[in-house]
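**Student:** Now for the letters of each chain:
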Amino acid sequence: MRLIVNKIFLSLSVFSALIGLAFLAWILVTLFIKGLGSFHFGLFLNDLIDGGLRNLIVGQFILAGLASIIGIPLGMAAGIYIQEYGRGRYPSIIRDLSDIMMSAPSIVIGAFVYAVIVVPTGGTSGYAGAIALAIMMIPVVINTTDNMLSLVPKELREAGIALGASKYRVILDIVIKAAKVGIMTGILLAFARIIGETAPLLFTSETSNYFSLDLSESFPSLTVSIYDLANEPEESSRDLAWAASFILTVLVLIINLTGRFFTRHKD
Amino acid sequence: MEKIFQKLSLASATVVFVILLGIFLTLFSSSKLAIDEFGLDFITNPDWNKEIVIDAPISSENSIIDDDVVVDDNDDEIMDEDEMLFDEDNEDGITKTVYGGLVPIVGTLLTTLIALVFALPIAMGIAVFLAEIAPKNISHIVGIAIELLAAIPSIIFGMWGLYYFAPIIADLVGGYQVSLLTAGLVLGVMILPFMAAITRDSMNTTPGVLKESAYALGATKFEVIKDIIFPFSKTGIIGSIILALGRALGETMAVAFLIGSIFVLPTAINSPTISIPVAMANNFGEANGLGESALFYLALILFIISFGIISIAKFYFLKKAK
Chain A
4 MRLIVNKIFL SLSVFSALIG LAFLAWILVT LFIKGLGSFH FGLFLNDLID
54 GGLRNLIVGQ FILAGLASII GIPLGMAAGI YIQEYGRGRY PSIIRDLSDI
104 MMSAPSIVIG AFVYAVIVVP TGGTSGYAGA IALAIMMIPV VINTTDNMLS
154 LVPKELREAG IALGASKYRV ILDIVIKAAK VGIMTGILLA FARIIGETAP
204 LLFTSETSNY FSLDLSESFP SLTVSIYDLA NEPEESSRDL AWAASFILTV
254 LVLIINLTGR FFTRHKD
Chain B
63 MEKIFQKLSL ASATVVFVIL LGIFLTLFSS SKLAIDEFGL DFITNPDWNK
113 EIVIDAPISS ENSIIDDDVV VDDNDDEIMD EDEMLFDEDN EDGITKTVYG
163 GLVPIVGTLL TTLIALVFAL PIAMGIAVFL AEIAPKNISH IVGIAIELLA
213 AIPSIIFGMW GLYYFAPIIA DLVGGYQVSL LTAGLVLGVM ILPFMAAITR
263 DSMNTTPGVL KESAYALGAT KFEVIKDIIF PFSKTGIIGS IILALGRALG
313 ETMAVAFLIG SIFVLPTAIN SPTISIPVAM ANNFGEANGL GESALFYLAL
363 ILFIISFGII SIAKFYFLKK AK
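One line per chain: the protein sequences are A and B, in this order. Using our numbering, read the first sequence as starting at 4 and increasing by one per residue. Using our numbering, read the second sequence as starting at 63 and increasing by one per residue.
Isolated chain A, as found in the complex (with noise of 0.2 Å):
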């Protein structure tokens, strides 16, 4: 009877995975026959306006790259001040509350960007966009920075200290390289989880028709116009819109899947 119980349960659990890994393989292969179907190099050379996806991947990237210029030095060194820096209670407390931040709706976020920017600046824009996007990176990298130089062995410090360095050389020539790999790994999942991100943009950037490199106005972002373009009414834009979440996806999987190449490399 025992040992039945035990088959079954077992069975059970097996099954459970193959479930997951079905929705996995649902998900991707309708991605890639929709995707596929509708996908053509021309997707790369016109802007919305004109039937292609130039301009909204441009502008991702850009949303994307501006936020992460705000965010990871911002967390870094927020991560260095937990793990190097901190006496007392404060550093535990900032930790919580990255973590708390690191959950947060991303929908509120957007909400308050908007108050804070859009509103007071008169109107959606890139910066806007990208502050939002900067917001949600912030935590992640803390909490990447923060575990990763929790492992580095202290003796590394200390042999620092010894040489005569000063505080801050060691934590930049040392300590930071010593776990760079890892922090490097937590950047780019922290990337590859802002540049799939919607919900913060819908009324901080928006999203434009139009190629565009001015961030002071309303800007092109692919997941906007995805979300868009899925509910308009005409095959044509439904198309599009696969198409265009096929590039996402094969984006955001390349880049996850490098960050982790790179940590097996290290193990």
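Because the hints were derived from the structure by calculation, they are not lab data. Be a bit skeptical, because a hint or two may be false.
To be verified - Covered by chain A, according to a simulated footprint, are these stretches of chain B (three or more residues, beta-carbon under 8 Å):
{"no.": "1", "segment": "179-192"}
{"no.": "2", "segment": "206-217"}
{"no.": "3", "segment": "250-259"}
{"no.": "4", "segment": "281-294"}
{"no.": "5", "segment": "306-314"}
Claimed, not checked - Label-pair distances were calculated between CB atoms; the ranges are:
{"no.": "6", "chain 1": "A", "residue 1": "150", "chain 2": "B", "residue 2": "156", "range": "56 to 62 Å"}
{"no.": "7", "chain 1": "A", "residue 1": "239", "chain 2": "B", "residue 2": "374", "range": "45 to 51 Å"}
{"no.": "8", "chain 1": "A", "residue 1": "47", "chain 2": "B", "residue 2": "101", "range": "51 to 57 Å"}
{"no.": "9", "chain 1": "B", "residue 1": "330", "chain 2": "A", "residue 2": "220", "range": "44 to 50 Å"}
{"no.": "10", "chain 1": "A", "residue 1": "64", "chain 2": "B", "residue 2": "351", "range": "35 to 41 Å"}
{"no.": "11", "chain 1": "A", "residue 1": "213", "chain 2": "B", "residue 2": "225", "range": "24 to 30 Å"}
{"no.": "12", "chain 1": "A", "residue 1": "28", "chain 2": "B", "residue 2": "348", "range": "38 to 44 Å"}
Just so it is clear, CB atoms sit at the ideal spot from N, CA and C, and this is done for glycine as well.
Fit chain B to the supplied structure of chain A, relying on the hints for placement.
**Tutor:** What follows is chain B alone, placed relative to chain A:
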């Protein structure tokens, strides 16, 4: 130089605190108008963007006076977002527009509940498979696949859900393709990998010695999992479930495609309704004045709920697990 670097890192850490406080204060001040107008009744009021007569006109003596609380012309209809006029005099008397948050609040809680009921057993099964059953290399590959599922942008889940998943569910249970049920199930698929991954991590913290002792006593794998691993990693597992719950509560895009986006209380599991994030995503652009403030009020409620839930997970369950 040393001092500057130290100050900069302290300042960056403080940014987190400032942003969180800023979010709370901004949401609060932006929803002030709606809070003053509706107070806590907002939470229990099912009407969104509905005109009610607050003062009967003197000219029509006997028509509305007995019935002075609510007269509304479009009872169960989908409200048009653009007809937003309040404190307007018309022939029926002075009317004003009221906003109540009950429908999106209920929608949010119910979709989350459905997602949880659906995802929980499967996620536990996957976690057990990854942590205890599968050989190392299979566990590694399946683990990566599950984490890739977690990395797929939520808007993709929404599109796939609407065009491929919902029709099948609607065929099976009947009802609309856009409904509480389909939204909840797609949401469940979305939080599944997240929940499985962190549950596996907490199961992996069980010391090998404990498991080996149980096996040595003749326990089956099932008994080891039930009597050793689950009790040992219980707090961590509950913490991970709550984190997944927090994620489901705030999810916008996957739900936006599937919930139907109408401000009507669901009468059945397969009827359409709306959730807080979707209400915000769809109406924010067009809203202004009291309507926008009411959306901020919803955002504040969502923020407080998710803040509370995550704090409970962090401070009570995950602390102990460490």
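**Student:** Now tell me, hint by hint, if it's right for this structure.
**Tutor:** Comparing the hints with the structure gives:
1. 179-192: holds (count 9)
2. 206-217: This one holds; 11 residues, not fewer than the three required, reach chain A with a Cβ under 8 Å.
3. 250-259: holds (count 4)
4. 281-294: holds (count 5)
5. 306-314: Contact hint for the segment 306-314 of chain B vs chain A: holds, 6 residues under 8 Å.
6. A:150 / B:156: 56 to 62 Å: 60 Å, holds
7. A:239 / B:374: 45 to 51 Å: 48 Å, holds
8. A:47 / B:101: 51 to 57 Å: 54 Å, holds
9. B:330 / A:220: 44 to 50 Å: 45 Å, holds
10. A:64 / B:351: 35 to 41 Å: About 37 Å separates the Cβ atoms of residue 64 (chain A) and residue 351 (chain B), which means 35 to 41 Å holds.
11. A:213 / B:225: 24 to 30 Å: 28 Å, holds
12. A:28 / B:348: 38 to 44 Å: Once the Cβ atoms are compared, 39 Å apart, the range 38 to 44 Å for residue 348 (chain B) and residue 28 (chain A) holds.
Violation of the numbered hints given earlier is absent; every hint is satisfied by the structure.
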